[in-house]
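Student: Sequence:
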Amino acid sequence: MRTDALDELAARLGWETRDLADVIGAGWRRSEATPDHDFDLDPSGGLDPDDLLPLDVTPWHVAGDPAQLMARVFAHGVFLASPEGVWAGGTHGLEHRPGPPVYVPAHELSDRGPEVVRGIVAGRRRSFRWCRYCRSPQAPETRWEPDVCHGCASSWLGVVY
Numbered sequence: 004m005r006t007d008a009l010d011e012l013a014a015r016l017g018w019e020t021r022d023l024a025d026v027i028g029a030g031w032r033r034s035e036a037t038p039d040h041d042f043d044l045d046p047s048g049g050l051d052p053d054d055l056l057p058l059d060v061t062p063w064h065v066a067g068d069p070a071q072l073m074a075r076v077f078a079h080g081v082f083l084a085s086p087e088g089v090w091a092g093g094t095h096g097l098e099h100r101p102g103p104p105v106y107v108p109a110h111e112l113s114d115r116g117p118e119v120v121r122g123i124v125a126g127r128r129r130s131f132r133w134c135r136y137c138r139s140p141q142a143p144e145t146r147w148e149p150d151v152c153h154g155c156a157s158s159w160l161g162v163v164y
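Under our numbering, residues 4 to 164 are what the sequence shown spells out, in order.
Mixed in with the good hints there might be a few duds.
Unchecked claim - Ranges between beta-carbon positions, derived for each pair:
(1) H110 with S158: 47 to 57 Å
(2) S157 with R115: 36 to 46 Å
(3) S139 with R33: 35 to 45 Å
(4) E11 with Y136: 19 to 29 Å
(5) S157 with G126: 41 to 51 Å
(6) G93 with E19: 34 to 44 Å
(7) S157 with F131: 12 to 22 Å
(8) D114 with A14: 31 to 41 Å
Calculated directly from the structure, the hints in this document are not laboratory data.
For clarity, every value in this text was computed on a predicted model and none was experimentally measured.
Where is the CB? At the ideal position from N, CA and C, for every residue including glycine.
Can you build the whole structure from these sequences, using the hints too?
Tutor: Right under this line is the structure:
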């Protein structure tokens, strides 16, 4: 049984879950960051096109480990962004906040979506480095040094957080 949020995202868009997975992937979880909404960037102007009521501010979702892609799904389309890790709550408060988003309207998602996703994910992956101790990929926000992750910095370098 799948435990990610893909079913929720597909329902919000009015798509079949498998079809959305083919475009944006799977393994989605809600972002830790509190969502804000740029109504100027939103083509709906913040109104639900069906009943002209204010839209619910939907949460950002993140996928990948390390985080590689963020999505915010509305009935009218999807905002896609590269995650930017921020230590908002001290050593145990890593949040992923969206970088500059790219909007893809729902009617263009099948065609443009895969290309946008590939570009964002490729850019994010270029920022990863592999820890010289544990050999795992590390995003910039989880590295103590360019080639040492936070966990191995504690284990091997004596770093105390």
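Student: The structure should be examined with respect to each hint, and the outcome stated for every one.
Tutor: For each hint, the structure was consulted:
1. For H110 and S158, the Cβ-Cβ distance of about 51 Å falls inside the hinted range of 47 to 57 Å, so the restraint holds.
2. Between S157 and R115, the C-beta spacing of about 43 Å keeps the proposed range 36 to 46 Å intact.
3. Here the CB-CB span from S139 to R33 is close to 24 Å, at odds with the stated 35 to 45 Å.
4. Separated by about 37 Å at the C-beta atoms, E11 and Y136 break the suggested range of 19 to 29 Å.
5. Checked against the hint of 41 to 51 Å, the pair S157 and G126 fails, with Cβ atoms roughly 29 Å apart.
6. Taking the beta carbon of each, G93 and E19 are about 41 Å apart, inside 34 to 44 Å as hinted.
7. A beta carbon spacing of about 20 Å between S157 and F131 agrees with the range 12 to 22 Å that was offered as a hint.
8. One distance hint, 31 to 41 Å for the beta-carbon pair D114 and A14, is violated here, with the actual separation near 22 Å.
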